[in-house]
Structures are given as C-alpha cells and as structure tokens.
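Counting in this note's numbering, the sequence shown runs from -6 upward without gaps.
Be aware that a few hints might be false.
Subject to a maximum C-alpha distance of 25 Å in a straight line, what follows is the list of computed SDA-like cross-link-like pairs (lysine to any residue) [said to hold, decoys possible]:
hint: 1; residue 1: LYS106; residue 2: PRO(-2)
hint: 2; residue 1: LYS58; residue 2: MET38
hint: 3; residue 1: LYS106; residue 2: PHE66
hint: 4; residue 1: LYS106; residue 2: TYR72
hint: 5; residue 1: LYS83; residue 2: ALA118
hint: 6; residue 1: LYS32; residue 2: LEU107
hint: 7; residue 1: LYS83; residue 2: GLU3
hint: 8; residue 1: LYS83; residue 2: GLU137
hint: 9; residue 1: LYS58; residue 2: ALA109
hint: 10; residue 1: LYS85; residue 2: THR28
hint: 11; residue 1: LYS106; residue 2: LYS10
hint: 12; residue 1: LYS22; residue 2: ALA108
hint: 13; residue 1: LYS98; residue 2: TYR72
hint: 14; residue 1: LYS58; residue 2: GLY134
hint: 15; residue 1: LYS83; residue 2: GLU41
hint: 16; residue 1: LYS32; residue 2: ALA96
hint: 17; residue 1: LYS83; residue 2: GLY60
hint: 18; residue 1: LYS22; residue 2: ILE52
hint: 19; residue 1: LYS85; residue 2: GLY60
hint: 20; residue 1: LYS22; residue 2: LEU101
Source of the hints: derived by calculation from the structure; they are not laboratory data.
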Amino acid sequence: MTSIPVVPVELTNDVIKQKSSIIQLMAQKSQNYLTNVEKFVEDVMAHEQEMETDVLPDIALPHAKSGGVSTPFIAVGKYSDGIVWNNNNKVKLIVMIGAQEHANKEHLAIIAKLAASLADDDFIAELLNSDIQTIAHRVRGIYE
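All chains, please: the whole structure from these sequences, using the hints.
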C-alpha cells in the first residue's frame, strides 16, 4: 500500500464544538487532497446520517468516498475536553478518512488498517496522551 498523507488539525477552544464545524475545518485543512471541499463535507455528513462513526470510546472515525477527493488522505484532530459527536457521546480524537468515489478497495484497506491499529488499547492510550503532531506521525506510521 502506498503511503497515505496524514493532516494534523489543531482543535482549540475557539473552534466551534459541533461535529459539522469540526468536519468542515478538517476538510478545509485537507484541501490539498480535495477537488471540492464542500462536496467532501456533504458526503461525510451524509455518511454520518447513515451510521454513527464514534464506535470507539473517545474516538470518532468520520469518513466518505467522495467525488470531491483527488488523493486518499487521513486528517487527525484532538480536543482534550471532548466534542459531542452522537448520542451525547464525547470524543477526544477525530480521525477523518477521505477516498475517491470509486476507490472501493483502497478505501476499505485504509479503514481496515486503521481499525486494526485502533483495536490496540495501548495505541489508543498513546494517541489520546499525545500532541497532534505525534498523533499524525503515529497514524502515518501505520501506512509506511
């Protein structure tokens, strides 16, 4: 598998603490890998309506296959106080995945490799206790 770009996104107190705003910010910061930021955001939000992506304690995995993506990528953001995601569940780490609309195998491979790493409680603890640059480096290391 080729290396996947990982974009670190600083989430601070002045960021609006709504899921849609976080997804919008992370997409804007990932614009080098997008042909259409708004299309990608729409596709991620549509997927969020279909299924909950906060399947792990403290972690949300919003993702979409989208016509707005030019290069598969991962964006990571961390907010230690937590952001309400679904059902009043607060997440501290957001790992957003973007893949091209017709990249079925590649999209699934990205998610599968990330999911395997996130099954390791020590790996999750390390991410939750790290700064955003270290998180990006560790997630990037999964694909190198």
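* Does GLY60 lie within 25 Å of LYS85 when you go C-alpha to C-alpha? -> violated, 28 Å
* **Proposed proximity, TYR72 with LYS106 (alpha carbon, max 25 Å)** => Roughly 23 Å separates the two Cα atoms, so the pair holds.
* Verify the proposed pairing of LYS85 with THR28, using a straight-line Cα cut of 25 Å. => Violated - the C-alpha atoms of THR28 and LYS85 are around 28 Å apart, more than 25 Å.
* Below or equal to 25 Å on CA atoms is what counts here, so check LYS22 against LEU101. => holds, 23 Å
* Given the hint that LYS83 pairs with GLY60, test it: the Cα-Cα distance must not exceed 25 Å. => violated, 30 Å
* Can the restraint linking LYS83 and GLU3 be considered satisfied, given a maximum Cα separation of 25 Å? -> holds, 17 Å
* Is LYS22 close enough to ILE52, meaning Cα to Cα at most 25 Å? -> holds, 19 Å
* To do: Mind checking the alpha carbons of LYS83 and GLU137 for me, to see if they're no more than 25 Å apart?
  => violated, 30 Å
* **Straight-line alpha-carbon gap LYS106 to PHE66, limit 25 Å** => Within the cut-off at roughly 13 Å; holds.
* Asked: Taken at face value, is the distance from the CA of LEU107 to the CA of LYS32 at most 25 Å?
  -> holds, 24 Å
* Asked: Going straight from one Cα to the other, do LYS58 and ALA109 come out at no more than 25 Å?
  -> holds, 20 Å
* Does LYS58 pair with MET38 here, judged by a C-alpha cut-off of 25 Å? -> Between LYS58 and MET38 the Cα gap is close to 12 Å, so the pair holds against 25 Å.
The structure fails to meet hints 8, 10, 11, 13, 17, 19 from the earlier list, while all remaining hints are met.
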